[in-house]
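Please arrange chain R on chain A, whose structure you already have, making use of the hints.
The lines below spell out each chain.
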Amino acid sequence: MAPTACFNCKEARAVIIRPKNRHKLCRACFISIFETEVHETIIGTNLFFPGERVAIGASGGKDSTVLAAVLKTLNERYNYGLDLCLLSIDEGIRGYRDDSLETVKRNAVQYEMPLDILGYSELYGWTMDQVVEQVGKKGNCTYCGVFRRQALDRGAARLGIKHVVTGHNADDVAETVMMNLLRGDLPRLSRGTSIVTSSDASDIKRSKPLKYAYEKEIVLYAHHRQLDYFTTECIYSPEAFRGSARTLIKDLEKIRPSSILDIVKSGEDMAALVPVEVRGAGKSKQSAEEESAGGCGSQNGRTSGGEMAAMEEQLAQNDEAESLETEIKLPNGSRVKPNRGPTGKAVKAQTIKHCERCNYISSQRICKACTLLDGLNRNRPKTAIEVGVGMEDEESSSTLMRQMERAQLSAT
Amino acid sequence: MANTSNAGQGDFPIPITVEFTGGLELLFGNERKHKVVLPARLEDGSKPNISYLLKYLVDNLMKDQRIDMFIMEDNVRPGILVLINDADWELEGEETYELQQGDNIVFVSTLHGG
Numbered sequence: 001m002a003p004t005a006c007f008n009c010k011e012a013r014a015v016i017i018r019p020k021n022r023h024k025l026c027r028a029c030f031i032s033i034f035e036t037e038v039h040e041t042i043i044g045t046n047l048f049f050p051g052e053r054v055a056i057g058a059s060g061g062k063d064s065t066v067l068a069a070v071l072k073t074l075n076e077r078y079n080y081g082l083d084l085c086l087l088s089i090d091e092g093i094r095g096y097r098d099d100s101l102e103t104v105k106r107n108a109v110q111y112e113m114p115l116d117i118l119g120y121s122e123l124y125g126w127t128m129d130q131v132v133e134q135v136g137k138k139g140n141c142t143y144c145g146v147f148r149r150q151a152l153d154r155g156a157a158r159l160g161i162k163h164v165v166t167g168h169n170a171d172d173v174a175e176t177v178m179m180n181l182l183r184g185d186l187p188r189l190s191r192g193t194s195i196v197t198s199s200d201a202s203d204i205k206r207s208k209p210l211k212y213a214y215e216k217e218i219v220l221y222a223h224h225r226q227l228d229y230f231t232t233e234c235i236y237s238p239e240a241f242r243g244s245a246r247t248l249i250k251d252l253e254k255i256r257p258s259s260i261l262d263i264v265k266s267g268e269d270m271a272a273l274v275p276v277e278v279r280g281a282g283k284s285k286q287s288a289e290e291e292s293a294g295g296c297g298s299q300n301g302r303t304s305g306g307e308m309a310a311m312e313e314q315l316a317q318n319d320e321a322e323s324l325e326t327e328i329k330l331p332n333g334s335r336v337k338p339n340r341g342p343t344g345k346a347v348k349a350q351t352i353k354h355c356e357r358c359n360y361i362s363s364q365r366i367c368k369a370c371t372l373l374d375g376l377n378r379n380r381p382k383t384a385i386e387v388g389v390g391m392e393d394e395e396s397s398s399t400l401m402r403q404m405e406r407a408q409l410s411a412t
Numbered sequence: 001m002a003n004t005s006n007a008g009q010g011d012f013p014i015p016i017t018v019e020f021t022g023g024l025e026l027l028f029g030n031e032r033k034h035k036v037v038l039p040a041r042l043e044d045g046s047k048p049n050i051s052y053l054l055k056y057l058v059d060n061l062m063k064d065q066r067i068d069m070f071i072m073e074d075n076v077r078p079g080i081l082v083l084i085n086d087a088d089w090e091l092e093g094e095e096t097y098e099l100q101q102g103d104n105i106v107f108v109s110t111l112h113g114g
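Here the protein sequences come in this chain order: A and R.
In terms of the UniProt record's numbering, the first sequence opens at residue 1 and continues consecutively.
In terms of the UniProt record's numbering, the second sequence opens at residue 1 and continues consecutively.
Only chain A is shown next, with the shape it has when bound in the complex (with noise of 0.2 Å):
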């Protein structure tokens, strides 16, 4: 096959199809377009002002040594004038997060950017090796996102800074936009899509400078940039993709790749539709909860793939009922009942009030973390007294059994 001409070029060799709108461009060229089109995101939604003090939400992983290599090359091109950080949470799971810290220390290098790395067990004296020497592998995730969720917060006001971007690119908004929208929660619906969350009563801003981004050209943004960054699986999660609503983007994208762009417009319009009283219920900061698991493969990972298929059901009833009832759509919504929330209990507009323990905000007296907190540390004594070695053992010996648990199995 002779090779194809650049489409902006018209010169150079292309080497990638866009998946938007299937030009073929060279290298240079596509890592151009690709740098400008995140500028364009960040002017259009007026996203820095000169001066600011950004902290990159650094896992090591693809998206956000992206998003750091990009914000550099534009902050210097541009003259954006920000003041970029990285800032790591170190989840404390051994043999997985420890090699990803060390890729994101050769960026702070790379990129000249200073680096902190806030860990688990300075902020909740448990490291995710304990939680799940306690809680067992099922549930752990939840555990994990709701105190990363925070982490990356107490981070930023740790250094005295008010914007955290995250490397959240398009496949994950039209993830979450395709979560909620299944789920019907509408409130969520209206959150996700937006490329700036925050909470009034939060000063902490968080953003995503990527929500354009095809995950796929992120991947070949560090390929063809040789950027340095680390993949792997959790080893208390992995495969958290499968049988996901992930799985099921990435087959729309192999039919149809404009449809994860085109989920992500549909998910702002639909957000746009979404009633202010209803857009407001249960605002904690939540969406931000809800994507803060990104970094481990799909926020739906820790329903373990199950919840994809009851929901494939209840959508084929959902498209009968719908069929039926297409004229009766009134703008006033009374056919998707808003003011119901997931669970099918009505949702009350939430206060925001400040966990009575740690401060944090929350919309109820005692925050998330600290209730999964109050279970853990309520069940430290036992297992202490049961396991009886030091915690270094624990944690090594724990992880070699598993180690060996799946290797029977797979052996079999």
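Since the hints were derived computationally from the structure, they do not count as laboratory data.
Fair warning: there could be bad hints in the mix.
[Said to hold, decoys possible] A few chain A residues facing chain R, derived, Cβ under 8 Å:
| # | residue |
| --- | --- |
| 1 | 15 |
| 2 | 16 |
| 3 | 216 |
| 4 | 220 |
| 5 | 233 |
| 6 | 235 |
| 7 | 250 |
| 8 | 251 |
Every residue gets a Cβ at the ideal spot worked out from N, C-alpha and C, and that includes glycine.
Frame of chain A; chain R shown alone:
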């Protein structure tokens, strides 16, 4: 495609490099780079293409039982990118691309987290 290889080198084995990144290396003994030598002709007389390579990799190189993390419906799982000499395989005819001596084939997963 592959019009240069009809004559001359047609019956020599085809050495290529295969790379797994983005988390896929975990399925292949945690090795990123692999040297592979493919036969010049297959039993039916055709030349080895990407489809053949996929089967070859699963049968010979894959250390993990979870084949569906790499292959789905006899093709690369959606979410895994394939680069043929650094170009998106869509530009080269995807699974029908016939491998040439010295080709560099990269499989990059976009599915794994950081």
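So, going through the hints one by one against the coordinates:
1. 15: 4 Å, holds
2. 16: Result: holds, 5 Å to nearest chain R Cβ.
3. 216: With a closest approach of 6 Å, the residue 216 of chain A hint holds.
4. 220: Holds, about 7 Å.
5. 233: Holds, because the Cβ-Cβ distance from residue 233 of chain A to chain R comes to roughly 6 Å (cut-off 8 Å).
6. 235: 11 Å, violated
7. 250: 4 Å, holds
8. 251: Constraint on residue 251 of chain A satisfied, holds at 5 Å.
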